[in-house]
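Generate the whole structure from the sequences, applying the supplied hints.
Protein chains: 4
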Amino acid sequence: MLLESLLKNYTKTREQTEKLCQPLHTEDYIPQAVEFTSPPKWHLAHTTWFFEEMILTKYVQDYRVFDNDFNFLFNSYYQTVGERAVRAQRGMMTRPTVKSVYQYRHYVDKHVQELIRKNPPKDVVSLIILGINHEEQHQELLLTDLKYTLSLNPTNPVYSPDANLVSDHNLDTKEAIGDKWITINEGVYEIGYQGNEFCYDNELGVHKVYLNRYELSTQLVTNGEYIEFIEDGGYQEFSHWLDEGWTWVNENAIHCPLYWRNIDGVWYYYTLAGLQPVDRDAILSHVSYYEANAFATWKKMRLPTEQEWEVASSQIDWGKRWEWTSSAYQPYPNFTISDGAVGEYNGKFMVNQIVLRGASVATAHGHSRPTYRNFFHPHFQWQYSGIRLAK
Amino acid sequence: MLLESLLKNYTKTREQTEKLCQPLHTEDYIPQAVEFTSPPKWHLAHTTWFFEEMILTKYVQDYRVFDNDFNFLFNSYYQTVGERAVRAQRGMMTRPTVKSVYQYRHYVDKHVQELIRKNPPKDVVSLIILGINHEEQHQELLLTDLKYTLSLNPTNPVYSPDANLVSDHNLDTKEAIGDKWITINEGVYEIGYQGNEFCYDNELGVHKVYLNRYELSTQLVTNGEYIEFIEDGGYQEFSHWLDEGWTWVNENAIHCPLYWRNIDGVWYYYTLAGLQPVDRDAILSHVSYYEANAFATWKKMRLPTEQEWEVASSQIDWGKRWEWTSSAYQPYPNFTISDGAVGEYNGKFMVNQIVLRGASVATAHGHSRPTYRNFFHPHFQWQYSGIRLAK
Amino acid sequence: MLLESLLKNYTKTREQTEKLCQPLHTEDYIPQAVEFTSPPKWHLAHTTWFFEEMILTKYVQDYRVFDNDFNFLFNSYYQTVGERAVRAQRGMMTRPTVKSVYQYRHYVDKHVQELIRKNPPKDVVSLIILGINHEEQHQELLLTDLKYTLSLNPTNPVYSPDANLVSDHNLDTKEAIGDKWITINEGVYEIGYQGNEFCYDNELGVHKVYLNRYELSTQLVTNGEYIEFIEDGGYQEFSHWLDEGWTWVNENAIHCPLYWRNIDGVWYYYTLAGLQPVDRDAILSHVSYYEANAFATWKKMRLPTEQEWEVASSQIDWGKRWEWTSSAYQPYPNFTISDGAVGEYNGKFMVNQIVLRGASVATAHGHSRPTYRNFFHPHFQWQYSGIRLAK
Amino acid sequence: MLLESLLKNYTKTREQTEKLCQPLHTEDYIPQAVEFTSPPKWHLAHTTWFFEEMILTKYVQDYRVFDNDFNFLFNSYYQTVGERAVRAQRGMMTRPTVKSVYQYRHYVDKHVQELIRKNPPKDVVSLIILGINHEEQHQELLLTDLKYTLSLNPTNPVYSPDANLVSDHNLDTKEAIGDKWITINEGVYEIGYQGNEFCYDNELGVHKVYLNRYELSTQLVTNGEYIEFIEDGGYQEFSHWLDEGWTWVNENAIHCPLYWRNIDGVWYYYTLAGLQPVDRDAILSHVSYYEANAFATWKKMRLPTEQEWEVASSQIDWGKRWEWTSSAYQPYPNFTISDGAVGEYNGKFMVNQIVLRGASVATAHGHSRPTYRNFFHPHFQWQYSGIRLAK
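Protein chains in written order, with this note's numbering: chain A, 1 to 391; chain B, 1 to 391; chain C, 1 to 391; chain D, 1 to 391.
It cannot be assumed that every hint is accurate.
It does not matter which identical chain is used: a pair holds within one copy or between any two.
[As the list claims (entries may be wrong)] No more than 30 Å apart at the CA atoms, straight line, and that leaves these computed lysine-lysine pairs for DSSO-like: (1) K110 to K19; (2) K300 to K58; (3) K19 to K99; (4) K391 to K208; (5) K122 to K300; (6) K8 to K122; (7) K12 to K122; (8) K110 to K300; (9) K348 to K300; (10) K348 to K208; (11) K300 to K99.
Just so you know, the hints here were simulated from the structure itself, not pulled from any lab data.
The structure is reproduced here in structure tokens:
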């Protein structure tokens with residue numbers, strides 16, 4: 001990547017994060033609704049901390065950190081039991097103020113931009129690109145975490161009425177009606193990232209897999225199709241569910257996707273544009289893996305494996321929802337973990353999580369590719385996660 | 001009370017609440033650290049809701065509520081299981097904004113002041129006085145809740161460096177050194193509020209009690225005395241403790257009062273003026289009933305009953321700390337509960353709580369009297385609660 | 001007490017415990033249903049441990065303990081965090097076997113009986129009498145704990161069809177119908193144990209109290225009266241309940257006394273004679289303090305204080321149910337704690353518990369007196385606890 | 001299988017279960033230590049229930065069930081929230097007695113043996129074989145559950161001093177010292193059961209997989225090697241651990257394999273022959289997946305996938321420990337779930353579990369094959385689970 005292009009990309013990404021925060025009041029920057037979400041202020045600061053701690057303090061001579069406390073407050077990596085307590089208390093950190101965090105961002109931006117202009121060595125460029133991708137990931141989390149927090153407010157606040165900034169529940173085109181399937185033949189296929197651009201460590205290590213013949217739907221499941229599952233008693237019939245899914249449904253009294261509410265027999269959902277009637281033709285989102293799996297079982301079909309998805313990806317139109325696969329998140333053959341904090345990035349999460357493929361309406365432009373492996377615990381619903389069937 | 005005086009009192013009280021918030025940033029108004037604390041914004045709004053809901057909507061013709069949602073959001077009385085969930089989520093309510101809440105306050109103030117000027121009937125005056133006292137209680141909670149939240153911030157933020165606004169750990173005069181005791185003789189005494197000013201329902205019903213001869217210390221326990229208890233292994237010796245106190249100590253790894261930290265062998269505590277070395281001559285605060293009781297047992301003394309405290313109150317200098325008594329919070333003979341929401345005020349809490357007498361450095365001026373009964377669960381430490389010994 | 005009489009009393013008490021176990025299978029001796037109950041085997045062994053550890057090892061020269069492990073296994077006093085873990089695992093202790101525990105009992109019995117015959121000094125006699133009373137308390141717990149465990153078995157097992165061994169739900173005479181009240185006049189009364197027989201430390205310290213005029217019902221509340229409360233929606237109306245009682249009701253989905261089940265609109269309860277239809281004329285039992293208090297509030301009456309109960313006790317017919325008072329369990333004036341393990345007996349529990357007065361159908365004959373103070377946490381229902389109203 | 005052989009196999013399996021219980025006292029049959037274990041009595045009854053409910057009631061005309069209650073009590077399949085409560089209370093079921101359960105076994109045995117002699121149709125034979133395999137699985141669980149329960153007893157009870165009945169920690173031959181590895185070349189391999197004998201549904205569906213070249217150790221990790229990991233601070237260094245493993249270690253204060261205790265610097269472990277010093281040359285067992293994975297990471301190696309294990313299985317000597325693989329438990333291609341209760345057997349557990357391959361010292365003779373897929377949650381330690389390294 002030419003420096004010019006890197007500088008432009010860095011600047012655009014940093015500006016985009018702040019643009020996502022434009023509709024917010026100062027108050028909105030603070031709360032952490034549950035441990036797995038983070039406040040907007042924390043996302044703004046943590047992504048900045050990454051550039052300061054991983055790059056500026058190491059590669060810029062005489063660099064003076066913006067504030068020594070920030071390293072402690074916005075570091076998500078340092079691993080001790082104590083730190084975990086702090087993780088659950090991100091919403092308590094009223095100081096530094098939002099204004100200070102923006103000053104922190106601009107201070108760091110100025111220094112990173114200067115560094116880029118000085119033509120840094122290749123490994124520094126790589127770290128900057130990693131930082132940009134890291135920030136793009138947090139842009140998505142910022143939106144999905146924010147939605148979760150705002151949804152708890154009984155007044156159903158509107159983040160933005162502008163459906164173009166981040167369309168919550170539909171896009172210009174609705175999902176086509178009808179049954180359309182593509183078929184992939186049995187054989188040996190190659191999996192993993194083969195290009196020269198950025199990718200994460202968990203996509204590396206191109207390797208062969210043997211796939212049986214399979215069919216994949218060209219369409220994502222719609223809200224209307226999922227309502228059929230609900231109305232057929234899907235949440236009451238244990239035979240559709242994985243054993244742990246059934247426990248999850250019952251212990252948490254789950255009876256619909258996250259954000260859905262049944263008001264006098266009509267389905268509504270909370271969106272970033274406020275409370276809206278559920279659009280039956282729009283693509284379903286905010287289901288857990290347990291729900292995705294149960295729906296597929298009810299349909300007498302299944303979810304695709306991540307390998308099946310990747311091999312077929314060029315023949316489907318993806319990018320609107322994160323799509324649950326049936327694959328547990330595990331290392332590719334020859335996967336190795338980098339040294340140091342960067343090495344903590346992906347490998348240590350490879351247990352009890354499920355791979356999602358694709359990208360969602362909340363994903364940053366350009367932050368997607370067919371080999372991208374996202375992953376969450378099977379009970380999480382707060383991403384824009386949807387269902388594509390295989391058989 | 002003359003209307004002029006009521007108006008002045010109302011206005012002063014309402015202004016005082018806002019004055020306590022002057023040092024805050026917008027961010028500080030938001031978090032709810034634990035379920036038993038509330039955010040500053042909630043205190044500001046809830047005390048206002050009391051005036052609007054209990055008085056304006058009932059006694060002012062054609063009154064238009066400021067915002068219908070506020071009744072739901074800032075009502076702490078409405079009793080359903082659903083409501084309790086909301087109680088734990090006061091820190092999630094980023095909207096209405098802090099600015100809106102101040103507008104709400106001023107809108108309600110204008111209408112209450114108008115109502116007072118119109119010479120309302122006696123029962124309305126009583127409700128206004130109840131509202132003023134209710135707000136004074138919340139001023140104290142606002143400070144103690146705020147201290148709790150700020151204490152969680154690793155940067156030990158300063159609420160106010162001005163020791164005169166709210167002195168956290170000492171007052172002009174330190175506690176006198178030495179052993180000073182007063183003696184009360186055996187006999188029948190009268191307990192309960194006998195004046196014509198405001199008091200709470202739980203102070204009413206003057207009644208006789210029979211007391212044995214007892215002695216009461218004229219002094220509150222100091223930090224230095226409590227450090228002796230710590231250094232003598234007080235937290236490690238179960239025979240000093242109530243059985244549930246011992247469980248509390250061990251399950252929560254308690255080894256000192258709340259906000260105390262031992263850094264390299266030196267005791268510090270977090271105060272509203274930041275982290276400070278513990279002043280050994282200053283009066284102890286932030287101990288639970290379990291700790292107060294264990295300290296007294298270690299001293300081979302005991303805590304006074306609330307009746308002993310009340311009878312002796314004219315002979316001691318009180319008002320710096322809330323003082324744990326040994327009395328469970330129970331109704332006085334002939335206690336009756338008022339109808340409606342006001343009736344929920346005190347009676348329903350009369351189980352599993354301990355009475356505290358006196359007043360603390362955070363108590364509003366004028367909001368104290370010898371018959372005042374405060375009460376908390378025995379494990380709570382976040383009030384300015386101290387120890388006075390009896391024998 | 002003459003030695004002859006002591007020997008007889010000791011032997012009879014020890015035999016009675018074993019007689020209560022006669023209907024049991026070996027399997028029944030093992031489970032601990034919840035932490036606050038203990039297995040029959042543990043009761044058999046722990047009461048024996050008391051005699052061995054507190055008396056034989058200290059006052060019998062060359063006494064050889066039956067088994068060194070037993071001291072550790074059946075000691076309920078030794079206070080460490082580790083011990084509490086063991087407390088919850090009494091049901092895991094399959095060894096020593098039931099047979100060994102009976103051998104332990106008989107070994108200890110032989111030595112205690114020899115000791116009694118040797119005319120031991122007065123303090124040893126006092127300890128033996130304490131041990132007898134301690135065992136009588138455990139007889140009651142053995143029955144109520146056993147009932148709790150058996151009630152969890154879907155087959156509703158019968159402990160004994162013989163209603164005379166331990167009548168679960170009725171006695172020969174049912175409660176009289178109608179309103180009968182006695183009146184006690186205002187004045188100073190004496191409280192506390194004044195005799196020369198055995199009593200517990202918490203009954204000691206005769207002292208004066210001042211009581212207002214009050215009335216006490218001569219009758220205990222019946223099942224039929226309580227069903228009226230249920231049918232009037234008593235469990236759904238929060239204004240009857242203490243705040244913590246209301247939380248308890250909702251979090252635990254309580255809608256009737258313990259052991260009651262509504263089968264097709266008819267009330268049944270599990271008894272030691274199996275599942276039975278609720279007898280409306282029989283005396284209510286197995287209610288918590290929260291339920292007793294809510295029932296009294298619904299009746300527009302109240303529960304008596306323990307002092308009111310004690311003063312009126314000679315004028316009422318008590319002894320069928322433990323009766324909830326409104327008094328928190330607190331020390332009498334001049335209460336002192338004995339040294340050593342015996343001193344742990346009562347004082348350390350004096351917080352968050354409510355006093356019950358009287359005695360129940362499960363209480364050992366002779367193990368009751370007007371000054372006896374039983375106490376439990378307000379949510380406990382598994383004793384034969386009932387309601388007597390005051391006003 | 002000839003009927004003669006089936007009859008013999010049935011009878012031998014049923015007798016073997018009872019033989020495993022010979023050293024038990026009646027008391028030992030009762031407790032359920034934690035929800036994931038079951039009491040011996042339950043294992044004895046549940047395996048019998050399988051034959052009665054799945055076979056006798058369906059295929060034997062006029063069959064009279066032994067006791068109607070048993071169907072409810074010993075059915076582990078019926079899926080409702082209510083049932084789960086019952087699952088945690090298996091240790092409370094003192095009735096039916098152990099003696100009744102043995103009578104139940106012999107009653108059912110008589111009828112199954114009669115049925116076999118009558119030459120039942122093939123699908124009934126299949127169900128009987130399934131029942132035999134089901135019982136063999138429970139034999140293993142009976143031993144491992146029993147070990148867990150007995151280990152909680154502070155007296156370290158001996159199940160059997162006879163090391164040949166079930167050797168806990170070593171076998172005749174100890175593990176060879178030294179580094180021995182086999183190599184498997186890259187290519188397409190077939191996975192899944194191909195024989196004509198019994199196998200579970202999760203082994204079916206022979207399919208091709210593509211494997212990269214890999215090496216597998218011929219030896220299992222020994223206690224001595226694992227002690228090196230401990231002594232090198234393995235439990236204190238987060239970089240060895242999966243993120244959830246690190247949380248598990250810290251929240252549960254794990255610092256060694258299950259049953260290990262460090263007494264004055266010397267390692268001991270509880271075995272079914274009582275407390276023993278750890279034998280450094282014996283094969284390690286009772287480690288979780290988290291520990292196995294951390295050990296492998298520390299060794300700069302890895303665990304094999306289940307496919308790698310299966311392909312190499314003919315070249316290694318396995319059968320002493322269940323061996324953790326790195327594979328999440330997921331369905332083979334074309335896996336289908338049978339109808340009815342039998343269909344609940346395996347498929348519904350295919351999330352959040354890890355595959356183990358091999359067999360352990362507690363596995364029934366004949367109940368193992370190279371394609372067998374055992375599976376447990378990654379934190380479980382109570383099976384005889386060990387480590388084989390790959391690279």
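Evaluated hints:
no.	hint	in the structure
1	K110 to K19	within (18 Å within a copy, 39 Å between copies)
2	K300 to K58	between (55 Å within a copy, 28 Å between copies)
3	K19 to K99	both (15 Å within a copy, 23 Å between copies)
4	K391 to K208	both (22 Å within a copy, 18 Å between copies)
5	K122 to K300	between (51 Å within a copy, 28 Å between copies)
6	K8 to K122	within (17 Å within a copy, 71 Å between copies)
7	K12 to K122	within (21 Å within a copy, 66 Å between copies)
8	K110 to K300	neither (56 Å within a copy, 41 Å between copies)
9	K348 to K300	between (34 Å within a copy, 15 Å between copies)
10	K348 to K208	both (24 Å within a copy, 29 Å between copies)
11	K300 to K99	neither (54 Å within a copy, 46 Å between copies)
Of the numbered hints stated above, those contradicted by the structure are hints 8, 11, listed in ascending order.
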